[in-house]
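Please build the complete structure, drawing on both the sequences and the hints.
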Amino acid sequence: MTSRFNLYKYSSPATFYALAGKMIPWFYGAAALLGAVGLYISFFLAPTDFQQSEAYRIIFIHVPASWMSMFIYVVMAGWAAFGLAFNTRLSFMMASALAPTGAMLTFVSLWTGALWGKPTWGAWWVWDARLTSELILFFLYLGFMALQAAIDDPRRADRAGALIALVGVVNVPIIYFSVRWWNTLHQGASVSMTKAPSMATIMLEGMMVMALAVWMYAIAASLSRVRSIILERERNTQWVAQLLETEV
Amino acid sequence: MNAAQTVFILLRRELMLAMRRRGDVLTVLFFFVIVASLFPLGVGPDPKLLRLMGGGVVWVAALLAAMLSLGRMFAGDYADGTLEQLVLTPTPPVVWITGKILAHWLVSGVPLILMAPVLGVQFGLSGDALAVLVFSLLLGTPVLSLIGAIGAALTLGLRGGGVLVSLLVLPLYIPVLIFGAGAVDGAMSELGSEAHLSLLGGILILAFMLTPWAVSAALRISIE
Chain A
0 MTSRFNLYKY SSPATFYALA GKMIPWFYGA AALLGAVGLY ISFFLAPTDF
50 QQSEAYRIIF IHVPASWMSM FIYVVMAGWA AFGLAFNTRL SFMMASALAP
100 TGAMLTFVSL WTGALWGKPT WGAWWVWDAR LTSELILFFL YLGFMALQAA
150 IDDPRRADRA GALIALVGVV NVPIIYFSVR WWNTLHQGAS VSMTKAPSMA
200 TIMLEGMMVM ALAVWMYAIA ASLSRVRSII LERERNTQWV AQLLETEV
Chain B
0 MNAAQTVFIL LRRELMLAMR RRGDVLTVLF FFVIVASLFP LGVGPDPKLL
50 RLMGGGVVWV AALLAAMLSL GRMFAGDYAD GTLEQLVLTP TPPVVWITGK
100 ILAHWLVSGV PLILMAPVLG VQFGLSGDAL AVLVFSLLLG TPVLSLIGAI
150 GAALTLGLRG GGVLVSLLVL PLYIPVLIFG AGAVDGAMSE LGSEAHLSLL
200 GGILILAFML TPWAVSAALR ISIE
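Chains as they are written, first to last, in numbering that gives the first Met the number 0: chain A, 0 to 247; chain B, 0 to 223.
These aren't lab readings, by the way, just hints derived from the structure by calculation.
Heads up, none of these hints are tricks.
From the structure, some residues in chain A lie toward chain B, with a derived Cβ separation under 10 Å: (1) T131; (2) L139; (3) I150; (4) D151; (5) R154; (6) R155; (7) R158; (8) L162; (9) I163; (10) L165; (11) V166; (12) G167; (13) V169; (14) I174; (15) V178; (16) W181.
Each residue gets a CB set at the ideal place from its N, CA and C atoms; glycine is no exception.
Below, the structure written as structure tokens:
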């Protein structure tokens, strides 16, 4: 029975460091491959849109980035909850490793949204419910990272960050619905994605492939970031010293 | 000693401390007035525009003033060790935390509510809208104290805590702002403000149930 795969083994930063090192090239490879296929579909196979002409092609970056920006916040809060419940250091490290990738994707989503909005809606920014709540999500990421950066003691930084991530995830639906309602009261819904003519299958496929590519990239990037965090936190331990000796 | 007694004694202590440092309370109040007075200077004196903006401006000013006063909620007790003693008492933390939040609201929330009609008149709000403004602040400012307490507890003793708390807390204040300002808007149009006020009340109940637990967890993290 001892030969059975032991999941708990990888909750130790030392063993996870090695495992992450082995997994990263695979995820980066998958991201590159899916990204190449996705970009080929989006630029060469997908037809030009009847209404929006070529400008619509930015959604192949924009929509996957938005999906992942929201998904990563939930995953981050999940790791935070896991860490608070079971007191596992690695979970907190995963939460902090995910935040910069999530914030970056939120920013990409806002930026590409502005680039898409200018030719389509004629404005870089409208106070649409989606845009506004994505902006608030960006603030939530920034708050999480700023709080962790302000605390020197890593144990306190981990727990404080985890708590604010959980408070944030409870608030996200409340914020989303309040912003949506505020928007419909203040102005007629100027744009509605749901009312748009249903998308051609090839466009949807391109978007899905791109979403997978972004997903793989997010995993790879946060794994390599968590490796740096592990090294930094464990710099005074035996195994890091040995690792440095063998690698240098 | 039961929970109500604990809350009562804590309230009396907090109010006495606030009375002895009246300047702190007044600073927040004047900040509220100054922020609201800056808006007409920024956007121009057109009465129609100001009447449209009034509710929102007073609410934004209230948000900022409430945030500014958060630093005092736990910092003094943390510095002189009272907070550690409170943590060590057999009273459940949720009880005395609720007391402290209530005291914070009485000291920094209630003056804002009392001052708000004056500002509302300056913006040319009608009688109905003024009443709704006061009522929405009455429902909303306790939520600001409750949610703010989480930020105050997490940033206890940190360098740059004041700026940090704004980054943590202001995004979470957004629903209160939307429904509070929306209620005043509703009172001025034919939409009515019942829906907004009901939602604000719902948020208050939810925040009252959940935040003391989060604050208790945050204090444990910050103190240990």
